[in-house]
Amino acid sequence: MTLELFLQHFFNALTLGSLYGLIAIGYTMVYGILRLINFAHGDILMLGAYFVFYGTTLFCLPWPVAVVVAIIGSAVLGVLMDKIAYRPLRDAPRISALISAIAVSFFLESLAVVVFTGLPRPVHQPEWLVSIITIGGARLMPLTLLVPGVTAILVAGLLYIVYHTKPGLAMQAISKDIETTRMLGVPVDKIIALTFAIGSALAAASGIMWALRYPQIHPYMGVFPGFKAFIAAVFGGIGSIQGAVIGGLLLGFIEIMTVAFFPDLSGYRDAFAFILLVVVLLVKPTGLFGEKLKEKI
Amino acid sequence: MSEVKNTQMRDRLLTCGAIALLFVFLWWACGDMNRDLGLGLSRTWRALNGYELQILNLVAVYGILAISLNIIYGFTGMFSLGHAGFMAIGAYVSALCVLTPDQKEMMWLIEEILPPLATLYTPFWVSVILGGLVATVFALLIGIPVLRLGGDYLGIATLGFSEIIRVLIVNATSITNGSLGIKGIPCYTDVYTSFIWLIVVTFCIVRLLNSNFGNVLKAVRDDEIAAQVMGINVFHTKLFSFCLGAFLAGVGGALLGNLLTTIDPKMFTFLLTYNVLMIVVAGGLGSITGSILGSAIITVLLEWLRVVEEPMNFGFVEIPGIPGMRMVVFSVVLLIIILYRREGVMGMREFSWNGFFRFFRRFGKKEEKA
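Just so you know, the protein sequences line up as chains A and B, in that order.
The working numbering applies: residue 1 is where the first sequence begins, and numbers increase by one.
The working numbering applies: residue 1 is where the second sequence begins, and numbers increase by one.
Do not rely on the hints blindly, as some may be mistaken.
[As the list claims (entries may be wrong)] Some chain A residues well away from chain B (every beta-carbon gap over 12 Å; in silico): (1) Leu-14; (2) Phe-39; (3) Leu-58; (4) Pro-93; (5) Pro-215; (6) Asp-270.
[What the hints assert, rightly or not] With the C-beta cut set under 10 Å, the calculated list includes, among others, these residues of chain B facing chain A: (7) Val-137; (8) Leu-140; (9) Ile-142; (10) Arg-148; (11) Leu-149; (12) Arg-166; (13) Gly-324; (14) Phe-330.
In short, the hints are calculated from the structure, not lab data.
Model, not experiment: these values are computed from the prediction.
Glycine included, C-beta positions come from ideal geometry on N, C-alpha and C.
Just need the whole structure built from these sequences, with the hints factored in.
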């Protein structure tokens, strides 16, 4: 493999990996706090992409405005989702909440089919994002560099919120012990709603970038990125934000590089992530950066 | 003592009677009757048309699938989302067995079919059992490593497994015909076959669950550690239950494949697992009666909901049909079930003749009081 080709694959993997990482953050934050796999997270991603699509075409909003509207809309949706489908089940067995999450996910998907129709829609890529530039012999779009850049900024902002602000502190406390935190006077439900809002906003951001990178949107576009990002979150150690990002990056590299070096395996590409998941769960269920879970008797 | 025996005898007779009644109904449902209307006119009369018969078939097949998931999840407490994978295996194995060698030669266009499979040909019932057995083998292979995980991790790992199966089916063209799928499977599943399978499965599972082993399963579900302390080999129990569920899922998948006559990898997505899961949840986790009732309710509901997709005319206002609305309504219904009636229709209760009579007696008493 030539160096140019390798660089090409490297940047592809970096883009895909940072998208996975950004989506995985949403999973890891919700799981860390509620021990709930939010199946509907991938569908928020899809809705975010659709919001931008309709914002720019139907309402003729300029790009930046549409993006902001989409992110805010998705955050509101995330909060609503928590309020309607998850909050009533806080004290129920965890599996009930999980089934509820699956139901929400199917609701959003089928609603999208009804409202937006099942037809895949082409996404208009702004000219300056796709004009080819050459770096070290590799032909790249500015988009390929933009995605990891935006991801890095968003992650930095998130880390600041979680580790240096009061709500972030409350989030950490809730993930350790929800009951004690409630007793200490923290408005737990509000903090959880905030978590959903942040997670959904990040999902919308990654959905928009996903739609730019792979310029087609359809109501089921969130399913597979969602699954894979969840796997990335487990890989990195669920509950840890850094872990989610690193897990996402590694998953992106594994997917792209395996196909790059062994083209025969390209048909099996979608299976890699799941095989990785099974292996990680068996060898190190806490993932790379996860805390040890103690079994309470 | 003799009273107990009498009750047992009575229950058995009643059960046989109910099954006989069911078959009379099925005979009526799919019977073709040639009515002579005199004057040389005769018309063929059918109680239910093909579409309604298909729904009846689906009720039975989904009943089997729901029971199989209920064993894994409702009775042993393992959250498994890999059902579509097992069903796919069952359906493909069965389809490979019942297709004639000529058909196979015609169908495998991309790649030649593997030689031993090309000449494989078995009767239908053998193919169904084979489908179940192959699914069991896969369940054993995946179960040994994965069942050590608990809770939602197990769910995700099994979901991953079913996706891997799908990817394998798409890629193993020489065995499965890849993404083209298999068409023209002879439609062996008629209402009799599917209901006989449902009755046999229900009978075996009810016997199994009423035995001591059933208690072992429930002990593992309710508290793993306590069960272990009591001397139960938790892992073996889980593995057995997982394999049993997979076997039945394979059988159900095989029946489904033969019912629909076409199978392709796209059919066995997470949506299928989700449908079965929702039947189990709606019927009641840990209730076989609930699974069968749930399958009847949800299958009929899903078909009935097609009404909302058709254009409606209220005389003064006309609503055009909205394709896809059915699934929206369906998911909302399920969300409401989860939020407001988590135990489903039956909860953990089972049907029994005693309960049945008590219900009617209570009903009668109320009327007397009134």
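Hints, verified against the model:
no., hint, verdict
1, Leu-14, "holds, 25 Å"
2, Phe-39, "violated, 10 Å"
3, Leu-58, "holds, 19 Å"
4, Pro-93, "violated, 8 Å"
5, Pro-215, "holds, 23 Å"
6, Asp-270, "violated, 5 Å"
7, Val-137, "violated, 17 Å"
8, Leu-140, "violated, 15 Å"
9, Ile-142, "holds, 8 Å"
10, Arg-148, "holds, 7 Å"
11, Leu-149, "holds, 6 Å"
12, Arg-166, "holds, 8 Å"
13, Gly-324, "holds, 4 Å"
14, Phe-330, "holds, 8 Å"
Hint violations for this structure: numbers 2, 4, 6, 7, 8, all remaining hints satisfied.
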